[in-house]
Amino acid sequence: AAAAGLVLSVLLGAVTAALGAALPLLRTAYGAGAGDAGGTEVVVAYNLGALTALLGAGLLERRLGGRPAVSWLLAAFAVGCAGMAAAPAWWVLTVCALVTGAGFGGLILHANTFFGRDGGPRSVRLLNGLHAAFGAGAVAGPLVVGETGAVRELLWAAAALTLCCHPFREAACGERPRPEPPAPLPAGPAQSGAPPTRGTPRAPASRGPAPSAPAPSPRAAAAPARTGPLAACALVAFLYAGVEAGTGALEATHLAAVGYAPEDAARLTALFWGGLTVGRLLLPALAGRVGGAVLVLAALLTGAAALAAATSGAFAPAAYGLAGVCLAGAFPTLLAWSVTVLPDSARRISGVLLTANLAGSAALPYALALLTGPAPPAAVPLALAALALASAAALAAAVRAAAVRAAAPAPGALPHRPHTRHSATRPDEMEHSA
209 AAAAGLVLSV LLGAVTAALG AALPLLRTAY GAGAGDAGGT EVVVAYNLGA
259 LTALLGAGLL ERRLGGRPAV SWLLAAFAVG CAGMAAAPAW WVLTVCALVT
309 GAGFGGLILH ANTFFGRDGG PRSVRLLNGL HAAFGAGAVA GPLVVGETGA
359 VRELLWAAAA LTLCCHPFRE AACGERPRPE PPAPLPAGPA QSGAPPTRGT
409 PRAPASRGPA PSAPAPSPRA AAAPARTGPL AACALVAFLY AGVEAGTGAL
459 EATHLAAVGY APEDAARLTA LFWGGLTVGR LLLPALAGRV GGAVLVLAAL
509 LTGAAALAAA TSGAFAPAAY GLAGVCLAGA FPTLLAWSVT VLPDSARRIS
559 GVLLTANLAG SAALPYALAL LTGPAPPAAV PLALAALALA SAAALAAAVR
609 AAAVRAAAPA PGALPHRPHT RHSATRPDEM EHSA
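Going by this note's numbering, the sequence shown opens with residue 209, and the numbers climb by one from there.
Derived from the structure by calculation, the hints contain no laboratory data.
Take these hints with a grain of salt, some might be off.
Claimed, not checked - Okay, the calculated beta carbon distance ranges per label pair:
#1 A575 with D472: 23 to 29 Å
#2 H374 with A577: 38 to 44 Å
#3 V498 with A601: 18 to 24 Å
#4 H374 with S553: 23 to 29 Å
No residue lacks a Cβ here, since even glycine has one placed at the ideal position from N, Cα and C.
Build out the structure end to end from the sequences listed, making use of the hints.
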């Protein structure tokens, strides 16, 4: 299942990145004019299908079961790719992109959950390997399309190879159980007629009902501690997605604005995706030596510095490539760290963070384009750097929320009281010594 997951991740990355790179060729092949929103409705349909699959993954698995659900997702991605390759009209291509995106979203969720289910440094290495495989596909797909123009052939190959990844259905066998925390001691006095065990002090006799404040509901007390850290991590994923997807979408626009030919600007975008891939291959060596939150924070801060350096036109391509290396481990490490420190299941954490990540990938690049369109060219890398800094601030809030949750007492647990040893001898001990 792990090997099939890595191969599948390469295919997912290749198709996802190739769709954007192939838009000019697809417009020519289908006779779509430049005024038809640049053909971006195909990419929008793909992302919409992925978001829908993420939101409905739980319902699909409850209805069909884990392994059948993964089989249907594999079939959706394969059939969607084949449909796009054979689409006779633009609207058919768009509908098939929606189906392909649905398969993509569900498979990404299962892959991240499967590789990150253990938490800790091992999951960091596995998730970085998974995302490195996706990045390798994201580099190879546009290069194949740009050099050969073989869009249909790439889609046919992706459809066939996806069917060969059928062993990945074993990834739905379930996540490994986590050790349960020790049960809290009973809160009330000992029951009448039950003698205390040896070494346990006898409860004092009650002298009447004592007034007490109403105890808060354990569920109400635990709700902020459970949802606060997860919401903060989701915000980090949302903002980081804007950095990664925004760089991929706006880098060529920025490079063309500072004097690079459009063809060269398009090719140079591969430096950023290549940097992401190289970084995800190198970063696992640090997973066991540096904490997850520290790795994510370092990735965001160094990535922001590299993006700010891209304001220099001559250094911009190298700066974008360096930004890819720096940002490489941010999201996979965030996933693994969240599974380690949050009380929710790995599947729920992965679903929430991936949904936030996909929502950021769909919304923030468009917002950045509107914001930087009328501004000077340097506004593009500066806006991306500012978004990376905002992600770092959100991460600090997530770390603080997780620390507060860890310090909070478990629901129903009694506050710790120091044990006072009484000097009085028990009556039964007096009789025994007499």
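Hint by hint, here is what the structure shows:
1. A575 with D472: 23 to 29 Å: 27 Å, holds
2. H374 with A577: 38 to 44 Å: The hint (38 to 44 Å, Cβ to Cβ) holds, given that H374 and A577 are roughly 40 Å apart.
3. V498 with A601: 18 to 24 Å: About 20 Å separates the Cβ atoms of V498 and A601, which means 18 to 24 Å holds.
4. H374 with S553: 23 to 29 Å: About 26 Å separates the Cβ atoms of H374 and S553, which means 23 to 29 Å holds.
Consistency with the previously given hints is maintained throughout, with no hint failing.
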